[in-house]
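Chains S and H supply the protein sequences, listed in that same order.
Residues in the first sequence are numbered from 377 upward in steps of one, following our numbering.
Residues in the second sequence are numbered from 377 upward in steps of one, following our numbering.
Each hint should be verified, as a subset may be incorrect.
It does not matter which identical chain is meant; a pair holds if it fits inside one copy or across any two.
Said to hold, decoys possible - Calculated lysine-lysine pairs in the DSBU-like style (CA-CA distance at most 30 Å, straight line): (1) Lys-619 to Lys-605; (2) Lys-619 to Lys-590; (3) Lys-605 to Lys-421; (4) Lys-575 to Lys-521; (5) Lys-521 to Lys-605; (6) Lys-605 to Lys-575.
Read the hints as simulated data drawn from the structure, not as lab findings.
Number of protein chains: 2
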Amino acid sequence: MNVLIVYAHPEPRSLNGSLKTFTVDRLTQRGHDVRVADLYAMRWKPTIDADDFPARAPDGPLDLEADSQQAYATGTQPPDVAAQQADLRWADAVIFQFPLWWYSMPAILKGWVERVYAYGFAYGVGEHSDRHWGDRFGEGIFQGKRALLVVTAGGWDSHYGERGVNGPMEDLLFPITRGILHYPGFEVLPSFVVYRAKKMDEARFARIREELGKRLDGLWTEEPIAYRKQNGGDYEIPALTLKPGLEEVGGSGFRLHVRQRV
Amino acid sequence: MNVLIVYAHPEPRSLNGSLKTFTVDRLTQRGHDVRVADLYAMRWKPTIDADDFPARAPDGPLDLEADSQQAYATGTQPPDVAAQQADLRWADAVIFQFPLWWYSMPAILKGWVERVYAYGFAYGVGEHSDRHWGDRFGEGIFQGKRALLVVTAGGWDSHYGERGVNGPMEDLLFPITRGILHYPGFEVLPSFVVYRAKKMDEARFARIREELGKRLDGLWTEEPIAYRKQNGGDYEIPALTLKPGLEEVGGSGFRLHVRQRV
């Protein structure tokens, strides 16, 4: 299988650097083909702006949706954007690996999403009407592909647990796992998170490698998060609200959008 | 009072551009002093990297916490970073205005946070021990200041409501309102969100200006979100988990960290 790793850390001699190398080696040893988008090493341009649409009419106001749609449809996107889109098409699975900075992904990775996820490619696809609000949340270009977050965090796991002061990690990552990955169709696996990333020793790092290795071996077989599909019958359209009676007792917030397994 | 607007949109001739101009005018008319960090116009450098620490030893591995701490303490930060920190100190209130892109802030604004929020300035302050886990979540450098998000979104309000397909807007913004603003001490007001931002006409825009104007007039008097303070007695330390019995019935996820008013 083909795996694309989109990796955002500035220092190769870091925990993240070591985990990325381990991931590449493990997947390669298992016979997979691996490509890495090392955003810092590539000096990835993180800001979406008028330079991303060289063929647009220069006088009118910049309109990211319209200009993105036009550039994607006419093949006038910047080469770095088109290359990442080609790698996403090539991939059977995508891994985003990054340190959690201020409760989200690094800016350079967010900018990768903003620039690579063109209109007509990752959004704005499918019928848009009062009966069908696009192919998204479980449908879209990446349907049939899998995605996994590999994340490092400085705090303890209890700080990010169900009652932890930061909020639950799965909720902090929900805007990414559901909003960036499930939206264009990926099946998303439960995130692999390394806590206390600054307090690492060789024994603990060996255990983490072993755990991550198992998760990588399960990339094709592990059960994904059971996010509800927008067009799977659970939502009223066009209000896009969850139909009455489908939530679990006590479920609220983001949890409403995950089917509970019995 | 002094208000800093941190603004992230690439096109002045846009809804965001108009709202920003309106905000500046309104606050100025009310006698406040206003500064704007127009990140696109400033061509803000969004990526935190080794160039941010010109005085660091070049041979060792980049360590963002240690290098940031050193640069902040020794006054060797880049001028653009130091200038933003000075504006934050000057401000009595800060407004982040941005379009919601992929369920979060634009990369250029996330990169502003990553670069301006130095160690020793916005985090890593106060005693760090098993009895006190830093001055954060309600304490810190911005204690006594207020913050407000002004956000535009393409979807309908129902899509972001309590049962909406995207998840509730207040939860999507929680990593920002609590994780980026309340963390270094800001009192955070409920966010001002404009939905269906692409479907605007003059009558609706007039209503939105009126609503936003009221919110701006209430910047100093409105009740902030009642986020629990980390060192206010609600959390076990050092586990940093909410003490038993404090949650509301049915509360879960991010909601645990807001005190309910009776």
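A quick look at each hint next to the structure:
1. Lys-619 to Lys-605: The answer is within: 13 Å in one copy meets 30 Å, while 36 Å across copies does not.
2. Lys-619 to Lys-590: neither (37 Å within a copy, 35 Å between copies)
3. Lys-605 to Lys-421: neither (32 Å within a copy, 37 Å between copies)
4. Lys-575 to Lys-521: Neither. Shortest intra-copy (34 Å) and inter-copy (33 Å) distances fail the 30 Å Cα cut-off.
5. Lys-521 to Lys-605: Result: close within a single copy only, 15 Å intra versus 41 Å inter.
6. Lys-605 to Lys-575: between (39 Å within a copy, 26 Å between copies)
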